[in-house]
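Construct the entire structure; sequences and hints are all you get.
Those protein sequences? They're chains A and B, same order as listed. Under the working numbering, the first residue of the first sequence is numbered 1, with each subsequent residue one higher. Under the working numbering, the first residue of the second sequence is numbered 1001, with each subsequent residue one higher.
In short, the hints are calculated from the structure, not lab data. Just to be clear, a hint being listed does not mean it is correct.
As the list claims (entries may be wrong) - Below are the DSBU-like pairs computed for lysine-lysine, each with C-alpha atoms no more than 35 Å apart in a straight line:
#1 B:Lys1105 with A:Lys146
#2 A:Lys219 with A:Lys99
#3 B:Lys1105 with A:Lys138
#4 B:Lys1130 with B:Lys1204
#5 B:Lys1105 with A:Lys179
#6 A:Lys99 with A:Lys208
#7 B:Lys1130 with A:Lys208
#8 A:Lys64 with A:Lys126
#9 B:Lys1074 with B:Lys1208
#10 A:Lys64 with A:Lys183
#11 B:Lys1105 with A:Lys183
#12 B:Lys1130 with A:Lys54
#13 B:Lys1105 with A:Lys149
#14 A:Lys54 with A:Lys126
#15 A:Lys126 with B:Lys1130
#16 A:Lys179 with A:Lys138
Every value quoted in this text rests on a predicted model; they were computed, and no experiment measured them.
Here is how the chains run, residue by residue.
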Amino acid sequence: MNQIDLKKLTAPPNPWHMLRSMGGVGIVCALLIVVAFQGTLPRINQNKAEALEKAVFQVLPGTKNRATFRVNPDGACEPFQGEARGQRLVYAGFDENNKLVGIAVEAQGQGFQDVIRLIYGYSPEKQAVIGYQVLESKDTPGLGDKVEKDPHFLANFDNLEVPLAPDGGALQHAIEFVKSGGKQHPWQIEGITGATISSRAIANIMQKSTAEMVPLLTKNLETFQAGQK
Amino acid sequence: MSNHPDAAAKTLDTNEFIKGLWKENPVFIQVLGMCPTLAVTNSVINAITMGLATSFVLIMSNLLVSSLRHVIPKQVRIATYILIIASFVTVADYVIQAVSLDVYKSLGAFIALIVVNCIILGRAEAFASKNSVGNSLLDALGMGVGFTFALLCLGGVREIMGNGTFLGYHVLSAHYQPWIIMILPGGGFFTLGAWLLLFNYLRKRKEKISMQ
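Below, the structure is given as C-alpha cells:
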C-alpha cells in the first residue's frame, strides 16, 4: 500500500460527503416510495373494493345489486358515494326484482391475538342474520382460523335469529355463546372445540353489533328500500 | 477508492451465484433470517411470496449499494444501507398488496420485517459494498434463490403434513388426519431441525469422501 492510500484512509471524514451521500440516497428513496405508492394505489383500492363486494354478496345470499349507505351520528342512514375512509357504512343488497334482501354490516372486536374484523348480513324480513364472513383475523392458523372455515360453526349464521322486542328499541334475545353441542335456541352461537376463544370472540362481536345495529337498521328500512330506485 | 482490495475482481464469477444455493445457503448453512423462515412457512404460497419479496429487496439493494460504494463514506454506510433496504421493502409491500390482498393478509407484519432480515444487510455490508455491480447481482440472485429454496423446503413439508395439501391442492388421501402441530410455530422448529440435520449430514459425508 502506497503513501497516498494511507493518507486517504487516515483522513478525517468530510462532513459534506456524508451529508451529500445520505441526502442524495434519501431523495432517491423518497422518490422510489412515492412512485411505487402512486403506481399501486388504484390496484390496491380495487382489490379492497372487490374483497368487500365479494363479502357483501356472500353474506346476503341472492343479492344481485348493492347500494352503500352512511350511518350518521344521529342514527339516520343516507345513500352514500365517494371516499369510504373514516365513514361508517352499511351495504344494502337487492335481488333481481330490486327487492331488499338484507343489509351487510361491518363489525370488529378483540380476538385471541388481535382485532377480528367481520361482516354479517341482516335480513329484516326474517329478522335474522343470514350470512357472515371474517374480513381480517390474525388468530392462530389451524385453530383460531376455524371460525372462518368450520362448516358446523358457519352454519350458526345461516339463520341466527335477532328479533326485535315489541317496542322496537332493543333485541328480544341478545345473541348468546354456548359450547359445542349446547345449542338449544336459534339466537345462540355454538362454539368450536379447540378454538373456544376465537369463536367466543366472534359471538361477542356479533352480540354487541346486532344489539346496536338491528334497531337502527329497522328504523331506516324505508331509506334502504328506496335506495335502489 | 479504486485501490479497494476487492476492486480488482471486475470479471463476473458464476461461483458468486452458485455459492448461495448450497455451499453458503443463507438458511441451511449460515442459519440467517430465522424470523421469516419459521414464521411464514406454514404454507407453500406464503413461503414463495416471502422468498420472492426478500429476493427482490436483496437484488435491488445489492445493486444500489454496489453502484454507490465509491460515494458512500464508511461512517454513514449502515444508515444509508438501511434507508435503501427499507425503501425497497416498502415497494415490495405495496406490490404484494396490489397483486393479492389474501397473500398480503397471511404474511402480515413479516413483509415489513424484511427490513431487519440480516441476510440483506449482511450481503450489502459483506459483499456489495466491496464488489462490482455484476458480481453483487450474482451474489444477490444466488442468496435469493437459496433463501426461497429453503423456505419452500420448509413450507412444502409443513403444508403437506399440517394440511394435507400442496399449494392448496390435496395431495394426501381424504382419510389423512392433518398434523396441526406442523403449521403451528412448533412445527416450524421441528421441520427446520430436520432439514438442518439432513444438510449437515450431507456436508459431513461430502467432506469425508473428499478427505479419503
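Starting from Lys1130 (chain B), check that the Cα of Lys54 (chain A) is at most 35 Å away, please.
violated, 51 Å
Going straight from one Cα to the other, do Lys1105 (chain B) and Lys183 (chain A) come out at no more than 35 Å?
holds, 32 Å
For the pair supplied as a hint, Lys1105 (chain B) and Lys179 (chain A), is the alpha-carbon distance within the 35 Å limit?
Judged against 35 Å, a Cα distance of about 29 Å means the pair holds.
Distance restraint between Lys54 (chain A) and Lys126 (chain A), which requires alpha-carbon spacing of 35 Å or less:
With Cα atoms ~22 Å apart, Lys54 (chain A) and Lys126 (chain A) stay inside 35 Å; holds.
Holds or violated: are the alpha carbons of Lys64 (chain A) and Lys183 (chain A) at most 35 Å from each other?
holds, 33 Å
Pair hint Lys64 (chain A) and Lys126 (chain A), alpha-carbon separation not exceeding 35 Å
holds, 19 Å
Within a Cα-Cα threshold of 35 Å, do Lys126 (chain A) and Lys1130 (chain B) meet the stated pairing?
Not satisfied, since the Cα-Cα distance of roughly 71 Å exceeds 35 Å.
Restraint status (C-alpha distance of Lys179 (chain A) to Lys138 (chain A) at most 35 Å):
Holds, at roughly 22 Å.
Would the hint linking Lys1074 (chain B) and Lys1208 (chain B) be met if the CA-CA limit is 35 Å?
violated, 42 Å
When you check the alpha-carbon spacing of Lys1105 (chain B) and Lys138 (chain A), does it fall within 35 Å?
With Cα atoms ~8 Å apart, Lys1105 (chain B) and Lys138 (chain A) stay inside 35 Å; holds.
Sort out whether Lys1204 (chain B) lies within 35 Å of Lys1130 (chain B), counting only the CA atoms.
At roughly 31 Å apart (the allowed maximum being 35 Å), Lys1204 (chain B) and Lys1130 (chain B) satisfy the hint.
Against the 35 Å threshold, does the CA-CA distance of Lys1105 (chain B) and Lys149 (chain A) hold or violate the hint?
Cα-Cα ~16 Å, so holds.
In this structure, the hints that do not hold are numbers 7, 9, 12 and 15, in rising order.
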